[in-house]
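Chemist: Spelled out, the chains give:
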Amino acid sequence: GQQLNQSPQSMFIQEGEDVSMNCTSSSIFNTWLWYKQDPGEGPVLLIALYKAGELTSNGRLTAQFGITRKDSFLNISASIPSDVGIYFCAGRENTGTASKLTFGTGTRLQVTL
Amino acid sequence: EAGVAQSPRYKIIEKRQSVAFWCNPISGHATLYWYQQILGQGPKLLIQFQNNGVVDDSQLPKDRFSAERLKGVDSTLKIQPAKLEDSAVYLCASSLLGGFTDTQYFGPGTRLTVL
Numbered sequence: 058g059q060q061l062n063q064s065p066q067s068m069f070i071q072e073g074e075d076v077s078m079n080c081t082s083s084s085i086f087n088t089w090l091w092y093k094q095d096p097g098e099g100p101v102l103l104i105a106l107y108k109a110g111e112l113t114s115n116g117r118l119t120a121q122f123g124i125t126r127k128d129s130f131l132n133i134s135a136s137i138p139s140d141v142g143i144y145f146c147a148g149r150e151n152t153g154t155a156s157k158l159t160f161g162t163g164t165r166l167q168v169t170l
Numbered sequence: 005e006a007g008v009a010q011s012p013r014y015k016i017i018e019k020r021q022s023v024a025f026w027c028n029p030i031s032g033h034a035t036l037y038w039y040q041q042i043l044g045q046g047p048k049l050l051i052q053f054q055n056n057g058v059v060d061d062s063q064l065p066k067d068r069f070s071a072e073r074l075k076g077v078d079s080t081l082k083i084q085p086a087k088l089e090d091s092a093v094y095l096c097a098s099s100l101l102g103g104f105t106d107t108q109y110f111g112p113g114t115r116l117t118v119l
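Protein sequences, first through last, are from chains A and B.
Take 58 as the starting number for the first sequence in my numbering and just add one per residue.
Take 5 as the starting number for the second sequence in my numbering and just add one per residue.
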């Protein structure tokens, strides 16, 4: 099955720095989602984007739905230690009664003090 | 509100053995999903239920994997027989209706190791 391409694969940053990661697809999606996964836990939804060009914020997080509907980016401002984890993008397609998520390959974020 | 519950949290088996995972979704959620997450990758959808009916199982390896959701609540995912490449975390998720703006809530997963 398809997986979306995320970059970078991993990042090491200092506390207080801003972070930017993106996600690209060869397919068009109706919805773009960003999740965070901590070790030993399932992914938790951070931001959902429903329209091409949409820019949405959630606290220190900002995400955008690309105009082509084939990409999205996530920015984290002023990173803190609890931002450590793996960030996944996901594209959603609605196919009749199903609502299918396709996940990216993930970006692992490490924050140093 | 209780989240999605899964058990066991960890399972180690030998290849060719059988294994089953259990999931209890958030109360009232009609839609239930099983995902496979191989180390270093994002989750991949295996099967989606709407109440007790299957709406998408296109990525489920049906020769060895089966899943059921009796009475539209709890669900079990079975692998029989297991292969080495089945080593992964199996995540269960649920959502209210499975609609366009629904949020999927994930459980903690079951980590399967096949030796």
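Because the hints were derived from the structure by calculation, they are not lab data.
Note that this is a predicted model, so its numbers are computed, not measured.
By construction, the Cβ of each residue, glycine as well, lies at the ideal position given by its N, Cα and C atoms.
Careful, some of the hints might be misleading.
What the hints assert, rightly or not - So, partial list: chain B residues that the calculated Cβ filter (under 10 Å) puts toward chain A:
(1) Ala6
(2) Val8
(3) Ile17
(4) Glu18
(5) Trp26
(6) Asn28
(7) Gln41
(8) Gln52
(9) Phe69
(10) Ala92
(11) Leu95
(12) Ala97
(13) Thr107
(14) Gly111
(15) Thr117
Claimed, not checked - Quick list of in silico lysine-lysine cross-link-like pairs, DSBU-like style, CA-CA up to 35 Å:
(16) Lys108(A) with Lys15(B)
(17) Lys108(A) with Lys87(B)
(18) Lys157(A) with Lys48(B)
(19) Lys157(A) with Lys66(B)
(20) Lys75(B) with Lys87(B)
(21) Lys19(B) with Lys48(B)
(22) Lys19(B) with Lys108(A)
(23) Lys87(B) with Lys15(B)
(24) Lys87(B) with Lys48(B)
Unchecked claim - Label pairs and their in silico Cβ distance ranges:
(25) Pro65(A) with Ile42(B): 26 to 32 Å
(26) Trp26(B) with Asn132(A): 37 to 43 Å
(27) Phe104(B) with Ser77(A): 26 to 32 Å
(28) Gln167(A) with Ile42(B): 39 to 45 Å
(29) Tyr107(A) with Leu43(B): 38 to 44 Å
(30) Pro65(A) with Arg13(B): 28 to 34 Å
(31) Ile137(A) with Thr107(B): 43 to 49 Å
(32) Thr105(B) with Gly97(A): 39 to 45 Å
(33) Gly116(A) with Thr105(B): 31 to 37 Å
Chemist: Look at each hint and say if it fits the structure.
Modeler: Now for the hints, and whether the structure bears them out:
1. Ala6: 14 Å, violated
2. Val8: 7 Å, holds
3. Ile17: 20 Å, violated
4. Glu18: 24 Å, violated
5. Trp26: This hint is violated: Trp26(B) lies away from chain A, its Cβ roughly 15 Å from the closest one there, beyond 10 Å.
6. Asn28: 14 Å, violated
7. Gln41: 8 Å, holds
8. Gln52: 6 Å, holds
9. Phe69: Check failed: Cβ of Phe69(B) comes no nearer than 14 Å to chain A, outside 10 Å.
10. Ala92: 13 Å, violated
11. Leu95: 5 Å, holds
12. Ala97: The hint holds - Ala97(B) has a Cβ within 10 Å of chain A, the shortest such distance being about 7 Å.
13. Thr107: Hint on Thr107(B): holds, closest Cβ of chain A at ~5 Å, below 10 Å.
14. Gly111: 5 Å, holds
15. Thr117: 14 Å, violated
16. Lys108(A) with Lys15(B): Violated. Lys108(A) to Lys15(B) sits at ~41 Å, over the 35 Å cutoff.
17. Lys108(A) with Lys87(B): Not satisfied, since the Cα-Cα distance of roughly 41 Å exceeds 35 Å.
18. Lys157(A) with Lys48(B): 10 Å, holds
19. Lys157(A) with Lys66(B): Holds. Lys157(A) to Lys66(B) sits at ~19 Å (cutoff 35 Å).
20. Lys75(B) with Lys87(B): 30 Å, holds
21. Lys19(B) with Lys48(B): 22 Å, holds
22. Lys19(B) with Lys108(A): 46 Å, violated
23. Lys87(B) with Lys15(B): 14 Å, holds
24. Lys87(B) with Lys48(B): 17 Å, holds
25. Pro65(A) with Ile42(B): 26 to 32 Å: 20 Å, violated
26. Trp26(B) with Asn132(A): 37 to 43 Å: 39 Å, holds
27. Phe104(B) with Ser77(A): 26 to 32 Å: 28 Å, holds
28. Gln167(A) with Ile42(B): 39 to 45 Å: 21 Å, violated
29. Tyr107(A) with Leu43(B): 38 to 44 Å: Because 32 Å falls outside the window, the suggested range is violated.
30. Pro65(A) with Arg13(B): 28 to 34 Å: The hinted range 28 to 34 Å holds for Pro65(A) and Arg13(B), with Cβ atoms some 31 Å apart.
31. Ile137(A) with Thr107(B): 43 to 49 Å: Since the Cβ atoms of Ile137(A) and Thr107(B) sit about 24 Å apart, the hinted range of 43 to 49 Å is violated.
32. Thr105(B) with Gly97(A): 39 to 45 Å: At roughly 29 Å between Cβ atoms, Gly97(A) and Thr105(B) fall outside 39 to 45 Å, so the hint is violated.
33. Gly116(A) with Thr105(B): 31 to 37 Å: At roughly 20 Å between Cβ atoms, Thr105(B) and Gly116(A) fall outside 31 to 37 Å, so the hint is violated.
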